[in-house]
Structures are given as structure tokens and as C-alpha cells.
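Chemist: Generate the whole structure from the sequences, applying the supplied hints.
2 protein chains.
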Amino acid sequence: MKMIVDLQEYSYPIWIEANCLDSLSNQIDTSRRIALIADEGIPDIWIQKVRSQCPDSFVLRFAQGESSKCFLQYETLLKEMIRHDMTRKDAIIAIGGGVTGDLAGFVAATYMRGIDFYNIPTTLLAQVDSSVGGKVAIDVDEYKNIVGAFYQPKAVWIDPNVLQTLPPRQVHNGLVEALKTGLIQDPSLVDLFEEETLDLTQIITRSIAIKKHVVEQDEKENGLRKILNFGHTIGHAIESAYGLQSYLHGECVAMGMLFFIEDPELKKRVLSIYDRLQLPPLPAYDTKELMSYIRHDKKAKHQSVSIVKVPRVGTFTIEELSYEQIEFILEKGALA
Amino acid sequence: MKMIVDLQEYSYPIWIEANCLDSLSNQIDTSRRIALIADEGIPDIWIQKVRSQCPDSFVLRFAQGESSKCFLQYETLLKEMIRHDMTRKDAIIAIGGGVTGDLAGFVAATYMRGIDFYNIPTTLLAQVDSSVGGKVAIDVDEYKNIVGAFYQPKAVWIDPNVLQTLPPRQVHNGLVEALKTGLIQDPSLVDLFEEETLDLTQIITRSIAIKKHVVEQDEKENGLRKILNFGHTIGHAIESAYGLQSYLHGECVAMGMLFFIEDPELKKRVLSIYDRLQLPPLPAYDTKELMSYIRHDKKAKHQSVSIVKVPRVGTFTIEELSYEQIEFILEKGALA
Numbered sequence: 001m002k003m004i005v006d007l008q009e010y011s012y013p014i015w016i017e018a019n020c021l022d023s024l025s026n027q028i029d030t031s032r033r034i035a036l037i038a039d040e041g042i043p044d045i046w047i048q049k050v051r052s053q054c055p056d057s058f059v060l061r062f063a064q065g066e067s068s069k070c071f072l073q074y075e076t077l078l079k080e081m082i083r084h085d086m087t088r089k090d091a092i093i094a095i096g097g098g099v100t101g102d103l104a105g106f107v108a109a110t111y112m113r114g115i116d117f118y119n120i121p122t123t124l125l126a127q128v129d130s131s132v133g134g135k136v137a138i139d140v141d142e143y144k145n146i147v148g149a150f151y152q153p154k155a156v157w158i159d160p161n162v163l164q165t166l167p168p169r170q171v172h173n174g175l176v177e178a179l180k181t182g183l184i185q186d187p188s189l190v191d192l193f194e195e196e197t198l199d200l201t202q203i204i205t206r207s208i209a210i211k212k213h214v215v216e217q218d219e220k221e222n223g224l225r226k227i228l229n230f231g232h233t234i235g236h237a238i239e240s241a242y243g244l245q246s247y248l249h250g251e252c253v254a255m256g257m258l259f260f261i262e263d264p265e266l267k268k269r270v271l272s273i274y275d276r277l278q279l280p281p282l283p284a285y286d287t288k289e290l291m292s293y294i295r296h297d298k299k300a301k302h303q304s305v306s307i308v309k310v311p312r313v314g315t316f317t318i319e320e321l322s323y324e325q326i327e328f329i330l331e332k333g334a335l336a
Numbered sequence: 001m002k003m004i005v006d007l008q009e010y011s012y013p014i015w016i017e018a019n020c021l022d023s024l025s026n027q028i029d030t031s032r033r034i035a036l037i038a039d040e041g042i043p044d045i046w047i048q049k050v051r052s053q054c055p056d057s058f059v060l061r062f063a064q065g066e067s068s069k070c071f072l073q074y075e076t077l078l079k080e081m082i083r084h085d086m087t088r089k090d091a092i093i094a095i096g097g098g099v100t101g102d103l104a105g106f107v108a109a110t111y112m113r114g115i116d117f118y119n120i121p122t123t124l125l126a127q128v129d130s131s132v133g134g135k136v137a138i139d140v141d142e143y144k145n146i147v148g149a150f151y152q153p154k155a156v157w158i159d160p161n162v163l164q165t166l167p168p169r170q171v172h173n174g175l176v177e178a179l180k181t182g183l184i185q186d187p188s189l190v191d192l193f194e195e196e197t198l199d200l201t202q203i204i205t206r207s208i209a210i211k212k213h214v215v216e217q218d219e220k221e222n223g224l225r226k227i228l229n230f231g232h233t234i235g236h237a238i239e240s241a242y243g244l245q246s247y248l249h250g251e252c253v254a255m256g257m258l259f260f261i262e263d264p265e266l267k268k269r270v271l272s273i274y275d276r277l278q279l280p281p282l283p284a285y286d287t288k289e290l291m292s293y294i295r296h297d298k299k300a301k302h303q304s305v306s307i308v309k310v311p312r313v314g315t316f317t318i319e320e321l322s323y324e325q326i327e328f329i330l331e332k333g334a335l336a
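Chains E and V supply the protein sequences, listed in that same order.
The opening position of the first sequence corresponds to residue 1 in UniProt numbering, with each subsequent residue numbered one higher.
The opening position of the second sequence corresponds to residue 1 in UniProt numbering, with each subsequent residue numbered one higher.
Treat the hints as calculated values from the structure; they're not laboratory data.
Since the list gives no way to pick one copy over another, a pair counts as held whenever it fits inside one copy or between any two copies.
Listed next, the in silico DSS-like pairs over lysine-lysine satisfying Cα-Cα at most 25 Å (straight line): (1) K309 x K89; (2) K154 x K226; (3) K267 x K309; (4) K144 x K288.
Modeler: Okay, here's the thing in C-alpha cells:
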């Protein structure tokens with residue numbers, strides 16, 4: 001199926017379908033020079049599938065992992081673009097997870113002041129979350145996404161088949177962002193997590209439909225789009241403090257959400273979904289340590305933080321909490 | 001006077017007035033944290049005038065010259081932004097010429113995916129040209145403006161008083177871009193160059209009025225905006241080949257325009273304006289050398305170049321010329 005993200009002159013289609021990668025050349029002009037950007041972990045089979053449809057293409061690979069979202073890698077890719085004589089009419093196709101989309105998207109946003117950018121997310125996390133919305137960026141030191149742009153892709157292809165080569169833990173990690181979307185906006189999406197079998201295509205589709213709706217109303221994150229940060233304030237802090245050794249992004253967001261689900265019945269439902277997804281339990285944490293990361297978050301205003309809460313399934317409130325209030329919540333614990 | 005550049009949600013005012021810098025704090029919120037970015041050549045008096053209106057500001061200086069439009073300087077400024085805890089609500093004010101506007105504008109465009117950017121151009125060239133239009137960029141090796149963005153400022157202040165500290169050659173250099181604008185769009189602007197005294201404020205105002213009109217119709221340079229490249233194809237090649245030692249940007253553009261003014265009477269008028277502005281004459285050049293730079297220009301499509309010609313004062317045509325045709329024109333010479 002095809003969904004259109006409606007952002008006036010920046011509108012673009014998202015194709016969600018098994019094998020949709022096979023018909024890329026029917027949907028866009030692949031006769032231009034095209035840079036395929038992917039990390040070293042992407043199986044050749046996906047690269048070749050795309051390349052076979054782009055006669056004038058070349059492949060730029062970079063090391064897997066968040067540490068590639070840095071100035072040096074950004075500069076290296078831009079120099080490769082120059083070396084390959086890319087013009088303003090040419091295009092970039094990113095094939096990979098969130099890191100690849102963020103990095104390749106920022107290269108596309110700034111090379112010659114912006115060339116066409118296409119995205120093929122290959123992790124569930126990127127499919128349901130980062131590939132929609134046009135946020136591209138690199139990190140500087142410990143500051144995630146501190147340098148970047150709002151730059152919409154010209155098309156996104158989501159092929160559930162590419163998930164087959166993904167370990168189950170990675171799939172569950174991505175499902176957390178879909179569950180998050182359901183919790184704040186769509187009870188029926190949460191229900192899908194309680195069906196006998198998890199229908200990934202349906203979960204992806206509903207999840208994108210909601211994210212698309214939010215982005216359409218607030219492209220530059222001045223208001224509504226903040227609800228997508230549900231679970232992320234404490235989640236990011238856990239990720240910064242303990243994530244590198246032990247946890248994935250989605251797993252940390254799952255932990256972060258628990259603190260702000262207000263309905264005890266809903267919290268129980270969510271905990272059994274977490275069990276089903278084999279998510280790791282919230283570890284013993286040091287409140288002071290987490291607070292130091294929360295204060296450090298560059299998106300935090302000077303004296304308080306916007307926190308998204310879920311009073312009932314499918315609804316949200318946004319509250320401005322002081323650091324003291326957040327510290328109190330952390331001390332009480334997520335199951336209080 | 002105040003002119004509004006009308007780009008819907010990205011509209012912004014340009015203030016053109018002696019001493020308009022004195023009332024900055026009436027026009028924008030200067031209570032935020034503000035980074036003032038300037039090169040080491042800007043007299044302290046202008047910095048202080050602005051700073052005195054911004055209680056929570058700090059100054060970032062960088063070395064004068066085009067070579068500061070590089071990755072390293074871009075990265076350094078971004079790290080300074082982080083070090084000063086700049087948030088998405090804070091702002092950058094650039095004070096300087098084209099290099100400063102391009103560099104500081106690109107920092108503003110990408111720090112936290114874009115924060116408010118204000119520009120105070122202090123050279124005539126920046127006042128009549130680069131400060132209007134939202135093109136920001138850095139260079140990579142010999143490729144000028146190859147990495148950047150279209151990012152509109154939130155306001156521009158043009159104070160003709162700041163030109164008093166500028167050497168006359170710099171003023172004349174800037175006047176070339178104003179003359180260019182007149183040649184392609186406005187006979188009365190060309191007339192101003194033949195008045196007994198050159199009225200800078202009037203020339204700046206008319207010139208910006210036209211540039212504003214062109215930018216409003218073609219923000220992202222997909223069509224009409226190309227006419228502003230009049231004189232620049234050969235001009236850039238002369239600048240690359242001989243500029244560093246001897247010529248300024250506007251001087252090279254003046255040379256480049258001569259090749260494509262088709263009316264011989266108009267060419268005579270223009271040559272006497274050049275005399276009045278004490279512009280250097282076109283040097284003996286090596287056609288093959290200039291051609292190698294023209295072929296190299298990243299904006300050139302693969303086999304031809306869009307060239308702007310002026311058949312009569314205030315009018316233009318755009319033609320797609322092959323490299324052979326341009327070589328032929330260079331061999332015939334500018335006065336043919």
C-alpha cells in the first residue's frame with residue numbers, strides 16, 4: 001500500500017509492502033547518478049536489489065553503529081559525493097537503520113544545499129519511527145542529534161521482508177516505538193500487541209499512519225510532535241547511563257514510559273506486552289545519576305522539562321515538570 | 001525603511017537605514033541567549049553597539065577570509081554553541097561580510113536542526129547581495145558553497161553607516177552586484193550609476209527590492225533565480241584562475257558580464273561605469289585554463305551551462321550553451 005505524508009510542497013509517498021523494493025524504478029527516476037549509502041552490516045542482497053535498478057549508481061559504506069553519526073563521517077561522505085561528481089539533480093538512497101537515515105539524510109540535506117533523498121529503512125525501529133518525519137542529524141560528543149536539519153525524503157520504501165534477516169531482539173526493540181504510538185494515540189494499535197500472532201505489517205502500517213498524522217500537523221516540532229517523545233526523557237537517561245553495555249534504544253524507552261502511564265490497569269497490560277516482547281526489566285538505578293543526564297539533555301529548557309503522560313490508553317497530556325518533580329518520580333519508582 | 005521579503009512562513013523584514021543597528025532590541029527578542037558571530041576584522045564599535053542591546057550574549061570571532069568557510073571552523077563554532085548551552089529558543093546574530101553570513105547562517109541552520117538567525121551585513125557586497133536570499137554554505141577544498149542550506153534569516157539590518165570604515169575598492173566591488181541586478185532587471189538602477197554622485201542608500205535599496213522580488217518567486221533556485229548568476233560563470237573562472245592574487249569577487253563578475261551584454265551601446269555605457277568605479281581591466285587570459293574551471297563548476301550540468309545574457313538594459317535571456325560555444329566566446333574576447 002501507499003501512504004502520502006501531506007506536507008504541501010514537501011509531500012512524499014511511503015510504500016509499505018512485501019517486495020516493494022523490486023519496483024523502485026517504476027516510482028522514481030533511477031537514471032540519474034545515485035549514491036547508495038549503507039553501513040557495513042547491511043546484507044549485499046538488499047544493496048544489489050536496489051543497485052540493479054540504478055544503472056549509474058555507486059555504493060558508500062561506513063562502519064556500523066551510532067559512532068558513525070559524527071562530523072568526520074559526515075565530511076567523508078560529502079567528499080565522496082564531490083569525488084563522484086554528484087550534481088543538484090542527482091540523488092541519495094539510504095539503506096539501513098536510524099543511524100544510516102540520519103547520516104545520509106543530513107548529507108542529502110546539505111550537499112549543494114539539498115539534493116533528493118530516498119530512504120529504505122531496514123530495521124523495524126527505523127520503519128515505524130525514524131524514517132518518517134524528516135529529522136536528520138549527527139551527534140557531537142555525547143550530544144545526540146545536536147546538528148542536523150528537518151529535511152523530508154522524496155519517498156520511503158518499507159519492505160517487511162528485510163526484517164527477516166534481523167535478530168528477534170532487534171524486532172522487539174522496534175516494536176516499542178510502535179507500542180508508544182498506540183499508547184498516546186490509538187487504542188486499537190495497542191490491541192494488536194495482544195493478538196495471538198503479532199502482525200508486523202499491520203503494526204507498521206497503523207503506527208506510520210499515526211506518526212504521519214502527527215508530523216503533518218507539526219513538521220518542525222513546535223508543538224504536537226512533542227508527544228512522540230513519550231518515554232524518552234527518562235529512557236534517554238537510562239540509555240546514556242546504562243545503555244551502551246546492556247540495552248537497546250527501544251528497551252530504554254519502554255522503561256521510560258512506565259513512569260508516566262497513569263492508569264494502573266493499563267500499566268499492567270503494558271507490562272504483560274513487555275513480557276511477551278521479552279524486554280529486559282528496569283534495572284536498579286541511581287536517581288542522582290539519571291538526573292544528571294536529564295539536566296544535560298539539550299532539549300530541556302533551563303528549569304523544567306516537558307513530560308508526556310498517558311492517563312488512559314490512546315490519550316496524552318503534556319506537563320512542564322521541574323527537575324525536583326522528576327527526581328521525586330524517579331525515587332518513587334516506575335511501579336508506584 | 002523596512003522591506004518585507006515575502007516567503008510565507010519564512011517571511012522576514014530588512015531594515016535599511018542609517019543607525020538602524022541602534023534599535024535592534026525594539027525589533028527582536030534580545031533577552032534570549034545570543035551568539036554574536038564576527039570575523040577578526042570587524043571593528044569593536046559595531047559589535048559593542050549590538051552587544052549593548054543583548055544582555056545575555058557572547059562573541060565568537062574567527063579569522064578573516066574565505067578560508068574560514070571550512071568544515072573545521074563550522075565544527076568549532078557548533079561546539080562553542082554547545083559549550084554556551086544554546087537551546088532551540090536562542091539565536092545567532094552574524095555581523096560581517098558574505099563569509100560571515102554564509103558560515104554563521106549555516107551554523108544557525110543546523111544547530112539543533114535550526115535556530116533563529118539574524119544578519120547584519122557590513123560590506124556593500126553582502127548588503128546588496130548575499131544577505132538577501134537565504135543561501136548559506138561552507139566550501140570544501142576548491143568547491144565554493146558546496147555544502148550548505150537554504151535558510152532564511154529572521155531579520156536583516158542594513159546600516160549604510162557601517163560602510164564608512166570600508167576601503168573604497170571594497171565599496172566599488174560591492175557595487176558591481178548592484179549594477180548586475182540593474183542590468184538584468186531595472187534600467188533606472190543602472191541610471192543611478194551615472195548620476196553626479198553615487199547615492200549608496202538608494203542603490204542598495206533598489207538593488208535589494210529587485211533581489212527580493214526574484215527570491216520571492218524562486219526561493220530554492222529552481223528557475224528565475226538563476227538570472228542572478230549573470231556574469232558569474234566566466235567571472236568565477238577568472239576568480240579561480242587569477243583572483244586570489246589580484247581581484248575581488250565583484251571585479252571578476254564585472255569582467256564576466258562583459259561577454260554577455262549584447263547591445264554594443266549598453267556595453268559602452270557599462271565600460272564607462274566600470275571606469276568610474278575604477279575596476280581593473282580584463283587581463284590577458286588563457287582560454288583553456290578558464291575552460292577547465294568552467295567545466296569543473298559543480299553547478300554545471302554534464303554537457304552544457306546555463307548562461308544569462310542581457311540583450312538590452314533591464315532584460316535577460318537564459319541560454320543553454322555547450323562548452324564549445326563558451327570556448328568560442330572566450331576566444332573572441334569580451335569586446336567583440
